[in-house]
Amino acid sequence: MDIINNITAFQNVVYIFSSILFISGIKMLGKEDTAVKGNFLSALAMFIAVSVTIINVVNPLIVLIGILIGASIGSLIALRVKMTSIPEMVALFNGFGGLATFFIAWSEFNATPDNVFQYVVIMLTTYIGGVTFSGSIIAYGKLSEKLKIEKNSIITKLFTTLFYLSILFLIYSIGFTQLIVLPTDFFTILLILTLLGGIGFVLPIGGGDMPVVISLLNSFSGIAAAFAGLLLLNNVLIVAGSLVGASGLILTIIMAKAMNRSIGNILFVGYASSSSSSSSQETGEVKPINVSDAYLILENASSVLVIPGYGMAVAQAQHVVRELGELLEENGTEVKYGIHPVAGRMPGHMNVLLAEANVPYDVLVEPDDVNPSMDTVDVAIVIGANDVVNPSATEEPGSPIYGMPIIEVHNARTVFVLKRSMSAGFAGVQNPLFFKQNTRMLFGDAKESIGGLVSEFKE
Amino acid sequence: MEVYVLLGFVLILSIYLGLELISKVPSTLHTPLMSGANAISGIALVGALVLSSDTQLQEILALLAITFASINVFGGYLVTNRMLKMFKKK
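Note that the protein sequences, when read in sequence, are chains A and B.
Number 440 in numbering that gives the first Met the number 0 belongs to position 441 of the first sequence; there are no gaps in the numbering.
Number 73 in numbering that gives the first Met the number 0 belongs to position 74 of the second sequence; there are no gaps in the numbering.
If you're looking for bench data, these hints aren't it; they were derived computationally from the structure.
Some clues are possibly wrong.
A few chain B residues facing chain A, derived, Cβ under 8 angstroms [stated by the list, open to error]:
id : residue
1  : L18
2  : N37
3  : S52
4  : F73
5  : R81
6  : F86
Below 20 angstroms or equal to it, Euclidean Cα-Cα: the simulated EDC-like pairs (lysine to aspartate or glutamate) are [unchecked claim]:
id : chain 1 : residue 1 : chain 2 : residue 2
7  : A       : K26       : B       : E19
8  : A       : K286      : A       : D444
9  : B       : K88       : A       : E333
We treat Cβ as the ideally placed atom computed from N, Cα and C, and that holds for glycine.
Chain A extracted, bound-state conformation (with noise of 0.2 angstroms):
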């Protein structure tokens, strides 16, 4: 029995020395030049955490196998993905990890818990892990672009109707079945139940609000994490899980507000049914321009900004355009890439993509950094990118994303902007932006259209 104390007492010591490691390695992770060393750390307290918890595991079998097929399958995953597809792998690891604490409430709920407390903790754990996990991979589909299902159709509606009802059923649950004991036929609805509310949960919400879904479903994994600790008395997944949450909640926060919305209005409401007023309708001629006639204003540019939106990502444009910053400041010219933290499918998804494309991080610059300065900039160039340059947001009080911070790009001496068709950005307003004296359209692929300029820059 002392034995067995000892390496009890022996493990949480390491528990709490590597929960520092965690500690100091996310914190680490949020500068730039310390950022590799942070995930370093990491992974360390990672390694440190299970190797004192395997000293004594039950079944060595089961556990050798399963890190075995799991260590396979996340390295092969991570090592062969290609750098564009990583909104959706990171929603589908972070809907793995739910899953994990998913099955480890259930198995705990088998465990017969002695307390009602533990009853909640595991009722709670459940709900949360499991729409981790189906909130995620309805995410993924998303985001891979492999799920298509209109917001209004019946299977959406249904679906939303089952995670409201996914929600009832837990409240209930907790609040008065753990007055007796909870049966096993009930647990199993649960379980079924948060599934399908999981994926009621994401399936309405549209692709451009997905950076903040995402940011709050990796909270959700490490609240889900954490839950699992109390559940396990377990003091270094509630460390662990607690970081986790606070840093998906931040940068949920982070997202919200570079929409100017409420967490509640993204997930509950989504922009078609936020405003019912109608946007302007600007009208005036839309100036076309030509890849040649581009190339002479840009030649004759001094300062160039750049703005990349999700239609780069989808172009695959990212090398184009960077071959074409190093043709711009070959030729003099000073460029810069404003990068809207609402911009693309995931936050900082366009400097993953640039970074990708070997654009240096230090060239990139945020609304807040350049606006001011908006006037100097003599072409600002808007690739695939729409309502997060949309003037209405700061000139029409009656718009739906009025009060949104925007990247000012219609104070520019010239814009242009590079899209496929006149369609309405993900908001569904109209950007006045594409009739301004001062805006150039330049029609099509944004990958094509790019090209055009440079091999106009070399000849």
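Dock chain B against the given chain A, drawing on the hints supplied.
The following block gives chain B in isolation, referenced to the frame of chain A:
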């Protein structure tokens, strides 16, 4: 019951600590932070390791939990590392 109060205390403090630590993160690091944090949530692996396996159902659940948590841990850290290596200064 006392132990839950204590652990709840740890939970609240850790969340507060996390919020303080990461409150100002540059947008370049949004994705790596998310992906790195995601790898940390694979700590559920430690929880999965200590599950009892008295019944067959519990054995299966433990195996599944360990497997999926491992995918999360290994995949998460490797992808984060790959991503961070791409970020270069001029």
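Hints versus structure:
Because the smallest distance between the Cβ of B:L18 and any Cβ of chain A comes to about 5 angstroms, under 8 angstroms, the interface hint for this residue holds. Interface hint status for B:N37: upheld, as the beta-carbon distance to the closest one in chain A is roughly 5 angstroms, under 8 angstroms. Contact between B:S52 and chain A, as hinted, is supported at the beta carbon level, the nearest pair being about 5 angstroms apart and thus within 8 angstroms. Interface restraint check for B:F73: the shortest CB-CB distance to chain A comes to about 3 angstroms, inside 8 angstroms, so the restraint holds.
With its C-beta approaching chain A no nearer than about 7 angstroms, B:R81 sits inside the 8 angstroms limit, and its interface hint holds. At a threshold of 8 angstroms, the smallest CB-CB gap from B:F86 to chain A is about 5 angstroms, leaving the interface hint in force. Straight-line distance between C-alpha atoms of A:K26 and B:E19 comes to about 9 angstroms, which keeps the hinted pair within the 20 angstroms bound. For the suggested pair A:K286 and A:D444, the alpha carbons sit about 17 angstroms apart, so the restraint of at most 20 angstroms is met.
Between B:K88 and A:E333, the direct Cα distance comes to roughly 16 angstroms. Compliance with the 20 angstroms bound is thereby established for this hinted pair.
Violation of the numbered hints given earlier is absent; every hint is satisfied by the structure.
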